[in-house]
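Listed in order, the protein sequences are those of chains F and Y.
Residue numbering for the first sequence is 3 to 336, as defined by my numbering.
Residue numbering for the second sequence is 386 to 600, as defined by my numbering.
Some clues are possibly wrong.
Claimed, not checked - With a cut-off of at most 25 Å between alpha-carbon atoms, the simulated SDA-like pairs for lysine to any residue come out as follows:
no.	chain 1	residue 1	chain 2	residue 2
1	Y	Lys-475	Y	Lys-545
2	Y	Lys-545	F	Ala-317
3	Y	Lys-522	F	Lys-292
4	Y	Lys-545	F	Lys-331
5	Y	Lys-522	F	Arg-210
6	Y	Lys-545	F	Gly-88
7	F	Lys-292	Y	Asp-542
8	Y	Lys-592	Y	Thr-426
9	F	Lys-324	Y	Pro-568
10	F	Lys-214	Y	Gln-571
11	F	Lys-58	F	Gly-82
12	Y	Lys-576	F	Ser-49
13	F	Lys-266	F	Gly-231
14	Y	Lys-434	F	Lys-292
15	F	Lys-292	Y	Gln-571
16	F	Lys-58	F	Thr-97
17	Y	Lys-545	F	Gln-290
18	Y	Lys-576	F	Ala-291
19	Y	Lys-406	F	Ala-291
20	Y	Lys-592	F	Glu-205
21	F	Lys-324	Y	Asp-542
22	Y	Lys-545	F	Phe-91
23	Y	Lys-434	F	Ile-92
24	Y	Lys-576	F	Phe-91
25	Y	Lys-522	F	Thr-97
26	Y	Lys-592	Y	Lys-406
27	Y	Lys-576	F	Lys-266
Calculated directly from the structure, the hints in this document are not laboratory data.
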Amino acid sequence: MDEKVRLLTALKGDRVDRPPVICPGGMMSACVTEISDQVGGGHHSGSQAMVSAAQKINELTGFENYGVPFCLTSEVETLGASVNIGDNFIEPRVTRYNDDPLETIMENYSQADVTSGRMGVILEAIRQLRNDKIPVIGNVSGHISTASSVIDPLEMFKMLRRDPERAASFLTFINDYLVKYALEMVKAGADVISISDPTATGEILGPRNFQKFALPYYHKIINALHTEGIPVILHICGNATNLIGSLNEVNANAVSFDSIVNMKNAREGLKTGLMGNVSTQLLHTGEQAKIVSITRNALQSEVDIVAPACGLSMATSISNLKAMTDYVKEGPYN
Amino acid sequence: MDKATLFQEISHALVEFEVEKVAELAEETIQQNIPAYETITEGLVTGMKEVSRLYEEEEYFLPEVLMCSDAFNAGLDVVNPHLDKNSLEKPIKIVIGVVEGDTHDIGKNLVRILSGASGFEVYDLGRDVPLNQFIDKAEEVESDMICMSTLMTTTMDGMKTVIDRLKERNLRDKYKVLIGGGPISQTFCDKIGADLYANDASSAVRKAKELMGRA
Chain F
3 MDEKVRLLTA LKGDRVDRPP VICPGGMMSA CVTEISDQVG GGHHSGSQAM VSAAQKINEL
63 TGFENYGVPF CLTSEVETLG ASVNIGDNFI EPRVTRYNDD PLETIMENYS QADVTSGRMG
123 VILEAIRQLR NDKIPVIGNV SGHISTASSV IDPLEMFKML RRDPERAASF LTFINDYLVK
183 YALEMVKAGA DVISISDPTA TGEILGPRNF QKFALPYYHK IINALHTEGI PVILHICGNA
243 TNLIGSLNEV NANAVSFDSI VNMKNAREGL KTGLMGNVST QLLHTGEQAK IVSITRNALQ
303 SEVDIVAPAC GLSMATSISN LKAMTDYVKE GPYN
Chain Y
386 MDKATLFQEI SHALVEFEVE KVAELAEETI QQNIPAYETI TEGLVTGMKE VSRLYEEEEY
446 FLPEVLMCSD AFNAGLDVVN PHLDKNSLEK PIKIVIGVVE GDTHDIGKNL VRILSGASGF
506 EVYDLGRDVP LNQFIDKAEE VESDMICMST LMTTTMDGMK TVIDRLKERN LRDKYKVLIG
566 GGPISQTFCD KIGADLYAND ASSAVRKAKE LMGRA
């Protein structure tokens, strides 16, 4: 079974010889400093460097996929926010929000071109990475994280309570924009789309708001991708234990959880595929024996896909990541 | 309305995040010549304490806390000009920010809001704060505490750097160092030699007060 067949089969819920071990990219990027130093930088803004970084990650860490981009910020500049592109030690981050009224933003960017700017760079990287053997994962930020990177998050959170209809219309606008972008990724050759929405945790929004302002939107983008025959991974940060039941509704092919979530419980509650959840703190600072033992726990909890639990520290060593991927590849399978 | 009822109403309206009502009631305390200090401590701060409790009990989440904080500030804006500064005890001064490389400032903002509501004098450096700035600002404003937050494992080592630099400058004993954020733990706090770890905004304020002997 090659890497692409294995991942796509696992995402379909069919039998595989062993679980794939991946790091999808986006927020969960394995473009650690040791990798970006070899690439020489520029991997957030140039297709060539991006392709080279994605290939080096696959080659050196053993993660069985290509995944681009390596940040959560590629969608927001086109909507008028500013980004500091970072360097080999610090990831890109939003430095200025779009201060216009929401209605102005929605009007000004109603025809926003999802193939322009850094999104265009990423689409080009996907075109160059597409191949028969190694699955290419296109990463899209979730609508709550994107919305709260385009406008001041505190204003957005208040709006959920103060003016829920206005909030919903802005979130719909953002989600539609993300759907368009994800479909362009598919056209470019992405085999899988992974959506991460770190701002949309139940801990931040509360379970009621999560039900109302997060779930239906995920359902919509996932449906649009399923229509194209593309499987979707959804990553939820933080303690999502209370959300597991409701996450069945969104119909993702796999849901990925943070290290605080007990995967045996998740396995029981979740009807779809389960991905996770090797502690990123452990991957950064832990001993390799411990990394192996936690990876074994994940396998014993019957995850369908083994992956880091959340965003990796850029100071994580290649050898620690390799300890995790090697164990999954060689581990005890009967 | 008598004073006690008025305070109760203020506190209640604040918890219900009725911004305008809090401002109106605060206005009424001024007309009744109620000392601003009492309105703040017995009406507004009492309300925010209830908000903290609801937040700890997961009845309220970030959107609700932010709106209550707006109501708190609306009341404060009304009574503050009438405040007799002599009536105040010396506030705990804190310098707070998200360490360099990280822009996740939700938790930090919650601490700012709740500590401000508890009478702390807060100097907010924002997010993605260059490490030296924590120390420079603390020196400038003669702060009691340096509070650092990060959500990312990538940037948590920056907290240690700040503590190391405090030592290098012989300033370590001058400031209490409070840390928090997603990947931060008591173990990490002990390891880098910080004074205090808190796992949420509400307990951060409570523990900070205890540490400063103001509980």
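Index of numbered hints that the structure contradicts, given in increasing order: Of the numbered hints, 1, 3, 4, 5, 10, 11, 12, 13, 14, 16, 19, 23, 26 and 27 do not hold.
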